[in-house]
Amino acid sequence: MKFKNPSIRTLIFCWLALMILTIGTMISGRVTSDVALSSVLIITLGFITWFKSMIILRYYLNLASASTGWNKTFNSYLFAVLGIIMLIFLL
Amino acid sequence: MHNIDPATTTVSSQDDWGALSRLPGNPMMWVLIWSELVVFGVSFIGFAIAHVLQPDVFVQSQGSLNRFLGGINTMVLVTSGLCAALAVTAQHNGKQTQMRLWIGGAIILGCIFLWVKYLEYAEKFSQGIGLETNIFYTLYFLLTGFHAFHVIFGIVILVIVAWKNSNENLEIGATFWHMVDLIWIILFPLVYLLR
Chain A
6 MKFKNPSIRT LIFCWLALMI LTIGTMISGR VTSDVALSSV LIITLGFITW FKSMIILRYY
66 LNLASASTGW NKTFNSYLFA VLGIIMLIFL L
Chain B
19 MHNIDPATTT VSSQDDWGAL SRLPGNPMMW VLIWSELVVF GVSFIGFAIA HVLQPDVFVQ
79 SQGSLNRFLG GINTMVLVTS GLCAALAVTA QHNGKQTQMR LWIGGAIILG CIFLWVKYLE
139 YAEKFSQGIG LETNIFYTLY FLLTGFHAFH VIFGIVILVI VAWKNSNENL EIGATFWHMV
199 DLIWIILFPL VYLLR
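Chains as they are written, first to last, in my numbering: chain A, 6 to 96; chain B, 19 to 213.
Don't read these hints as lab results, they were simulated from the structure.
A couple of the hints might just be wrong.
Calculated lysine to any residue pairs in the SDA-like style (CA-CA distance at most 20 Å, straight line) [what the hints assert, rightly or not]:
id	chain 1	residue 1	chain 2	residue 2
1	A	K9	B	M46
2	B	K135	A	T37
3	A	K77	B	G59
4	A	K9	B	N185
5	A	K9	B	N111
6	A	K9	B	T107
7	B	K113	A	P11
8	A	K9	B	K113
9	A	K77	B	R40
10	A	K9	B	K135
11	A	K77	B	S39
12	A	K9	B	D34
13	A	K9	B	G112
14	A	K9	B	K142
15	A	K77	B	E186
16	A	K77	B	L50
17	B	K142	A	V36
The following block holds chain A by itself, in its conformation from the complex (with noise of 0.2 Å):
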């Protein structure tokens, strides 16, 4: 399948998004804190993760121009790896 590159718009709003989710990333994450991460805070965190990783393979790898199998696919093994990782933090 051909390669077909997302718009510099497009590219641009995505790398505008990481950067706040990694902001946000940050603050959910208390960077500049030693105290633990409350039940919120690690799903607010596995959420914002999971956000990053959508928008990179989506955009960046282009999977957005990939077949609905594929994105479906991805997207749940992402979505399991973190799931099964707050899990166990959460419990």
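For chain A, the structure is supplied; the task is to place chain B on it using the hints.
Below, chain B alone, put in the same frame as chain A:
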């Protein structure tokens, strides 16, 4: 009996790769991405299990990491990913000089990431902390070190594709770079933040 001439046998994104043909770019790259995601995925789950088994060791050791610097390094790698993506766009538009500038930007940012990693490791080694200090540091050095090797390899690939700059070469190089980015996006919160 069929005679196959190795000189004319190449892996191309235009060949029929079954379901893999429905993925953008070279299918072999996606085979690599899947293998990397599986290897790192299993390692990440292993790290989380080890954390639960020895919470005190993990929380105390994790506290010695510079979380803020880890976050800044994430931004550096994400920005280098943008440079790589813009290099592919410039190549598709036939703008060779612009493409090389973007690739150069991605490489410089990759080097900054490695430099920060070096500072982090040097600080730990100067405190007498190493691979065998405890289970946290063993996994920390193995996971971040394995990822750093990917960054070094990615930089070498980016140099090669900037030189041998066909559309397909550049797409493969950028894809590898984004994969390295993707792995760090998950590694950072797991190793530095979750507690």
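Results for each hint:
1. K9/A x M46/B: holds (17 Å)
2. K135/B x T37/A: holds (19 Å)
3. K77/A x G59/B: Roughly 17 Å between the alpha carbons, so the hint for K77/A and G59/B holds.
4. K9/A x N185/B: holds (11 Å)
5. K9/A x N111/B: Between K9/A and N111/B the Cα gap is close to 12 Å, so the pair holds against 20 Å.
6. K9/A x T107/B: holds (9 Å)
7. K113/B x P11/A: Given that 20 Å is the threshold and the Cα spacing comes to 16 Å, the pair holds.
8. K9/A x K113/B: holds (16 Å)
9. K77/A x R40/B: Measuring from Cα to Cα gives roughly 13 Å; hence the hint holds.
10. K9/A x K135/B: Between K9/A and K135/B the Cα gap is close to 34 Å, so the pair fails against 20 Å, i.e. violated.
11. K77/A x S39/B: Judged against 20 Å, a Cα distance of about 16 Å means the pair holds.
12. K9/A x D34/B: holds (18 Å)
13. K9/A x G112/B: holds (15 Å)
14. K9/A x K142/B: violated (44 Å)
15. K77/A x E186/B: violated (26 Å)
16. K77/A x L50/B: holds (19 Å)
17. K142/B x V36/A: holds (18 Å)
In summary, the numbered hints that this structure violates are 10, 14 and 15.
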